[in-house]
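Asks: Produce the entire structure from the sequences given, and follow the hints as far as they go.
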Amino acid sequence: MANLTLVQAVNDGMKSAMRQDDEVLVFGEDVGLKGGVFLATEGIQEEFGPDRCFDTPLSEDGIVGTAIGMAMNGLKPVAEIQFQDFIFPAFDQIVSEAAKLRYRSGGQYTAPMVIRTPYGGGIRGGLYHSQSGEAYFCHTPGLKVVIPSTPYDAKGLLCASIADPDPVLFLEPKALYRSIKEEVPEDYYTVDLSTTRIVREGKDVTVFCYGAMVPMAEKAAAKAAESGIETQIVDLRTLLPLDEEAVLEYAKRTGRVVVLHEAPRFCGFGGEISAMIAENAIEYMEAPIVRVTGFDTPFPNTLEHHYIPDDRRVLDAIERVFNF
Amino acid sequence: MTITDPALSIHERIVDEEGRAVEALPDGVDDAYLRELYVHMARVRCVDQRMLKLQRAGRIGFVGSMLGQEAAMIGTAAALGAKDWLWSGLREGGAALMRGLPLAEYIAQMYCNSGDTAKGRQMCNHFQHKGSNYPSWSSVIGTQIPHGVGAAFATKHRGEDAVHGIYFGDGATSSNGFHSGMNFAGVWKVPAVFVCVDNGWAISVPSQAQTATGSYADKGVAYGIPGHEVDGNDVLACFQAMRALVERARRGEGPSLLIVRTYRMLGHSSSDDPTKYRSEEETAAWAARDPLARFSRFLEQRGVLAGGEAQRIEDELFREIDDEIHTQEAAPPMPLKPLVEDIYAEVPRHLRVQYNDFIRVGERLGDAQPGDGEFPL
Chain A
1 MANLTLVQAV
11 NDGMKSAMRQ
21 DDEVLVFGED
31 VGLKGGVFLA
41 TEGIQEEFGP
51 DRCFDTPLSE
61 DGIVGTAIGM
71 AMNGLKPVAE
81 IQFQDFIFPA
91 FDQIVSEAAK
101 LRYRSGGQYT
111 APMVIRTPYG
121 GGIRGGLYHS
131 QSGEAYFCHT
141 PGLKVVIPST
151 PYDAKGLLCA
161 SIADPDPVLF
171 LEPKALYRSI
181 KEEVPEDYYT
191 VDLSTTRIVR
201 EGKDVTVFCY
211 GAMVPMAEKA
221 AAKAAESGIE
231 TQIVDLRTLL
241 PLDEEAVLEY
251 AKRTGRVVVL
261 HEAPRFCGFG
271 GEISAMIAEN
281 AIEYMEAPIV
291 RVTGFDTPFP
301 NTLEHHYIPD
311 DRRVLDAIER
321 VFNF
Chain B
1001 MTITDPALSI
1011 HERIVDEEGR
1021 AVEALPDGVD
1031 DAYLRELYVH
1041 MARVRCVDQR
1051 MLKLQRAGRI
1061 GFVGSMLGQE
1071 AAMIGTAAAL
1081 GAKDWLWSGL
1091 REGGAALMRG
1101 LPLAEYIAQM
1111 YCNSGDTAKG
1121 RQMCNHFQHK
1131 GSNYPSWSSV
1141 IGTQIPHGVG
1151 AAFATKHRGE
1161 DAVHGIYFGD
1171 GATSSNGFHS
1181 GMNFAGVWKV
1191 PAVFVCVDNG
1201 WAISVPSQAQ
1211 TATGSYADKG
1221 VAYGIPGHEV
1231 DGNDVLACFQ
1241 AMRALVERAR
1251 RGEGPSLLIV
1261 RTYRMLGHSS
1271 SDDPTKYRSE
1281 EETAAWAARD
1291 PLARFSRFLE
1301 QRGVLAGGEA
1311 QRIEDELFRE
1321 IDDEIHTQEA
1331 APPMPLKPLV
1341 EDIYAEVPRH
1351 LRVQYNDFIR
1361 VGERLGDAQP
1371 GDGEFPL
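Protein chains in written order, with this note's numbering: chain A, 1 to 324; chain B, 1001 to 1377.
Just to be clear, a hint being listed does not mean it is correct.
Computed footprint of chain A on chain B, listed as stretches where at least three residues anywhere in the stretch have a Cβ under 8 Å from a Cβ of chain A [stated by the list, open to error]: (1) 1206-1213; (2) 1273-1285.
Label-pair ranges, simulated between beta-carbon atoms [as the list claims (entries may be wrong)]: (3) A/Gln20 <-> B/Ser1114: 33 to 43 Å; (4) A/Arg253 <-> B/Lys1083: 55 to 65 Å; (5) B/Ala1222 <-> A/Asn280: 54 to 64 Å.
Since the hints were made in silico from the structure, they are not lab data. As the structure is a computational prediction, the values presented were derived from the model and not from experiment. All C-beta atoms in this analysis are idealised placements derived from N, C-alpha and C, irrespective of residue type, glycine included.
Replies: Here's what the structure looks like:
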C-alpha cells in the first residue's frame, strides 16, 4: 500500500496499466517531460520512454481524432485533454466518431480508448478552467462517463476504463487532486464501472453525488447528524451507463432525495436522477426531490466559492427534504 | 511553392485525351494488368448506373454517384497492397469493390437491409470492409483524416510496413480534420498518403472557392509534406503517382499529399440538382474527357481491348450486378435487436429495459418478428 493523493493515484493507475499491457500509450499536451500541468503524467515518459508517453501538437481535435485511429488499429490510447474546458474542439470526434463507431460499423470497428481530463472548479480558474461538462457527454450513447472521488477509486476506475472495450471519458475532480490522501494498493487492480459506492449509511435522507461534490456531501451529512438527521451518501462513480437499479434502491430506502452536482442545473445530470426516481419510485417519495447545483450561468472567477455548492447549501437541502 | 519529391518522377499525365501514351507506362504494368484496371473501372460505372436506376425506382434511398471519378479511385487504390488501409469518403465505393468488398455486401449496404454488415444503421454509400482494412466514413467531412493518421501511427509504432491511404474531397481540405491530420502526420512522419480527390465541387461550392492557394498540393508546404498533383482522369497517372508515394511511405520517408483532379459528373447525390449552380458547358467539357472512354481508346490502340470486348465486359458486369440485386431484393426483414446492440460491447441494462418496453408494444402491433423477443434483465 502507498499513501497517495488522487492525482498520484491517477498517475499510478496509468503506470500500472502500462506495465500490464504494452499497447497502452499516454499522450496529450505537455504530458511528456513536464508530466502534465497537474503532474498527472509525471515520470511516465521516464519509465516507459517517449514512444509510449509523448507530447502532441496543440490540437484537441487532433489528439482525440488520432487516438481513435490508434484504437481502431490495436493500440490502447490514454489521451489527456489538459482541461475539460478545452475538450470542445474534440467534441465531434468524441460524440460523432468514438462513441458511434461500434454501432455504425455493426461491431466491426471499435475505439477502446480513454480520454482523461480534469474538470470542475476550486482553483480560481475562471470560466475556461473550471467547467463541469459531464451532461453534454452523458447524452451520448456509446460513450462511458466515469468520475472518481477518492484515490482508491481513481486508480481502480482508471485501470478498468483502460481495460474497457468501449471509449471512456474519465473526468478527474481537480479540486480533489491534492486535498485527500488514502492508502492505495501498489499492484494493478480495477473497480468495476457502472457500480455505485455507499459513502455513508443513513436512514433519513439520500444524497446522490459524484466527484468533487462527495466530500461536500460528507461535510453536510456530518452537520446534519448533529441535529439527528441520518444521511445516506451515494457516490455514482459512473454516470454512463448508470447503475439505475442501485439509484432506485437507495432512493426508496429513505424516500427523501437530494441530488448534488457542481454543473449547471438545467438539463444537468441531476434532472436525469430526479426523473428516473419520479418515473419509477414516486410512490416511495416522502418529499420533493431537491437538486443542489451550480447556477445556470458560466463559471465565475472571484465568486467561485459561491457558485460551487458548499456544505451549507447541501445541509439546507437535506433539512428541507427531511422536514417536508 | 509546392514541395515535390523529384526523385519519384511523378508524371502529371501518362495517357492523353486521345488515348495516346505521352510517357512510359509505370514499371511492371503489362497488358493483362491494364485490362484488369479497365474491368475495375467498368465495374464502378456499371454499379453506379444500376444504383441510380434503383434509386429512381424508389428501391434505395440515396446514391452518391461515382460517374467521372472511376480513374481517380481505381488508379490510386490499385497502388495500395492487401495489408494497406483505405480511409474512405463518400465516393470510394468502387475502390472497396476492387479491394475485396463482395458485391453482395456493397448492394446490401445500398439497400441498408439485413445483409448489410453495418446492420442498416448508416444511410446508403457508407461502405466498409474489414477484410481489406476499409472502414466506413461517418458523413461528417474530414473526420476520417486524423483516424487514418492515428492508425498509421499505430502501424509505425509496431514496426509494421502497412501504408494508409487517406481519401477525402476538395471540400474536406477546409475541415478541422484535414489540418490536424496533416499536421500530426507531418510531426509524427507516419506512413500515409493523403489522397485529395478534387472533383470540382463540394455539393454546390466550386473547388476554387475552398481555398486561396493556387493548388491544393501547396497545402502540404505548411505541414512539411510533399504534394503532387496529377490528372485524375488518367488512371495510369493516378496509379503511378500513388504507387510512388505509397512506396516512399513504406520506406519510412513519411507522408505525402496527392491531388487527383477530376470531375463529379452528376449531382452531389441523387437528391441534388447541379443545374442550379453550374453550367452545362462545364459539364459537357468534362464529359468529353471521360476517363473510361480515354482508357478504352488507349487500350484499343494498344490492341488490349479487341472490337466488341468492352461491350462483352459490360454485359457480364451487368449480369453479375443484376443477379445480386435480385438476391438483395429478397433479403429477410431487418431484425429489431440491432436497435440497441453494438452501442457498447455488452447491451447494458437500461437499453435492455428500453428494448423490452418497446417490443411489448411491437408485438401487440404486429411489428415484431419471431426472434425479436426480449432481453433477459
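Asks: Against each hint, give a clear statement of whether it holds in the structure.
Replies: Hint-by-hint comparison with the structure:
no.: 1; hint: 1206-1213; result: violated (count 0)
no.: 2; hint: 1273-1285; result: violated (count 0)
no.: 3; hint: A/Gln20 <-> B/Ser1114: 33 to 43 Å; result: holds, 40 Å
no.: 4; hint: A/Arg253 <-> B/Lys1083: 55 to 65 Å; result: holds, 57 Å
no.: 5; hint: B/Ala1222 <-> A/Asn280: 54 to 64 Å; result: holds, 56 Å
In this structure, the hints that do not hold are numbers 1, 2, in rising order.
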